[in-house]
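A.B. asks: My request is simple: use the sequences and hints to build the entire structure.
Residue numbers (my numbering), protein chains in the order written: chain F, 5 to 490; chain Y, 20 to 263.
Hints listed in this document are in silico derivations from the structure and should not be mistaken for laboratory results. Even glycine gets a Cβ: it sits at the ideal position worked out from N, Cα and C. None of the hints are false.
Derived coverage of chain Y by chain F (criterion: at least 3 residues anywhere in the stretch with Cβ under 8 Å from a Cβ of chain F; other residues may be distant): (1) 64 to 75; (2) 83 to 91; (3) 98 to 106; (4) 117 to 129.
So the chains spell out like this:
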Amino acid sequence: MDPDNNQVSNPEIDNLIEKNYEFGFTTEIESETIPPGLNEDVIRLISKKKDEPQFLLDWRLKAFNHWLKLKEPKWGKLKIDEIDYQNISYFSAPKLENAPKSLDEVDPKLLETYDKLGIPLHERAKLAGVAVDAVFDSVSVATTFKKKLAEAGVIFSSFSEAVKEHPELIKKYLGKVVPYRDNYFAALNAAVFSDGSFVYIPKGVRCPMELSTYFRINEANTGQFERTLIVADEGSHVSYLEGCTAPMRDENQLHAANVELIALDDAEIKYSTVQNWYPGDKDGVGGIYNFVTKRGLCKGKNSKISWTQVETGSAITWKYPSCILKGDNSVGEFYSIAITNNHQKADTGTKMIHLGKNTKSKIISKGISAGNSDMMYRGLVDISSKADNSRNFTQCDSLLMGNKCGAHTIPYIKNKNLKSNIEHEATTSKISDEQLYYCNQRGLNQEEAVSLIVNGFCKEVLQQLPMEFAVEAQKLVGISLEGSVG
Amino acid sequence: MLNIENLKAKIDNKEILKGLNLNIKPGEVHAIMGPNGSGKSTLSNILSGKKGYEVNGTVSFEGENLLELETEERAHKGIFLAFQYPLEIPGVNTNTFLKTSINAIKKARGEKELDAIEFLKLIKQKSLELKFDEKILSRQLNVGFSGGEKKKNEILQMSILDPKLSILDETDSGLDIDALRIVSEGVNSLRNNKKSFLIITHYQRLLDYIKPDFVHVLKNGQIIKSGDYELAKELEKVGYEDFN
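C.D. replies: Next comes the structure, spelled out in structure tokens:
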């Protein structure tokens, strides 16, 4: 009798689920793309094109040969269409007669693309005080604010440039946190990665601005395999943000990135991601496969690594940004908002590996599923026998919209130390028709109401983002879910 | 202002309202009293636009067919419902909710939206007028609020949104005498010759504080008797069962 308990789906609202992907344009730009296929010659070619030192080529080849021995993981609940690795092009670069020496020399069409994406590359960068490294398909196109950073002693450049200018740093840290043997996609990335970002913050330096990278896949049939390496030397501090978009294409495109973070004594790295890869259409056709390995090593005592992610895009997301808490008193944090709509699937979470004494970790995960989508939180908290007095707190909240989506939470917990403790809390809730009615009665339309309720649900995580990106993320959260209540 | 003719409403094939007539003019305060299950809450839900009912009859609000409007459009036109059970929205500050609400309404009316400073000024002034503690505003909407705080919050929202027609759905339920007095004083301070109120209640008690111009008795989906305040007193003596 009570209308409140009527959970029938609302056709009006269902119709609204179809929301177009805003960043689905392609850029007509001449590019140099090597033919699809993967073998040692392709790897040699990539390495040669990038003019790499021998040690790096050797490392790539070792990774490739290891990869050949591995089998693609059949992961959890994900149904992944077979990926034909021989049908992917492993290198694509916007064609430039000569490499650009400054922003003025960058192809205006490229700059236009970044403009459309709302990336503060030019003057806007100065206003926002953000230094941006933009990776278009495989190559890093422009790094802004280099000078100002150089004055502080901060190195922020494309990976290729760092290989040339600071080979000793690359040699010292590459693959130390995510070795190529780590997993299938990490091995693939190590073999074929084409570019990415490199950051080094010297001892005692507080990076004077937020650092930022934007990734964009433009060419059809290309994969994007970037690598990010961030090293924070003793007592330093850096905040880094990455954003991602891609055009709408019918086929699935592969994005297999690696991110390695290293924090030495008393250093702090804050890494934020706003991921908005093309999620596929409402019937689940196309979209990016986002298979990413991200890991941070709190190597030094009192170090801290904090991951914040807002995941709204991709057809399939498979990532577990993790922290290895090796240094005594080190701290790892993971704040996550993951949103899936239509036929998107996400399997995401974190691993907190406590090795040092008095180490602390905190996990706040907010999962929102709508449409026919499926969301999985998968996390590991592992406290070793030597990690005395360590603590973990985990909170996983799921919000369901409609009756056709799913949310699952799988926390793995291993505690081998009696002096340490782990706390886990989990909730699942649903946006109720009553809540929406209440908001409607106060003058909010359906979309405004959903956006308000979801942003409230995500608040703890949104607060962790740097100010200017928090606003962007908040809008993105609203857009991704427009009308997706049933 | 509000004109209801022969209103019938069904839910799950059960008829709740069976031909209800009511006319409210600007500045009037009407009270509807009735036993459980008489259709009181259904009436307030239908006026504010809750979905799920099969509705027949006509309801016009300032000459417009109310039944054709979406819930939020009715709010934009100036209809406010003080909920019997206000909803909790975790993570959303009461302040944020109120600002989003008033600006959604202003935007729909083509008025200038309030900026943060104008809004804070307004909210300060209204809390002061109603003698409500401002602290409530920085808390998450209705989360962990006592029954009294929730109802006070509804009245505060009502005063800020400044509606033409306010419907109070059993606002007195769950209130102790002090809270009842404070809430009633709040409502009384908002009365003027333009604003109208429809007060839905079980008990005469609330009407001792908010004196209505008209009292209607709702039974089995129809208004069986209308009168003035004296009717409420009579009802209290006789009870709903024997009242005909």
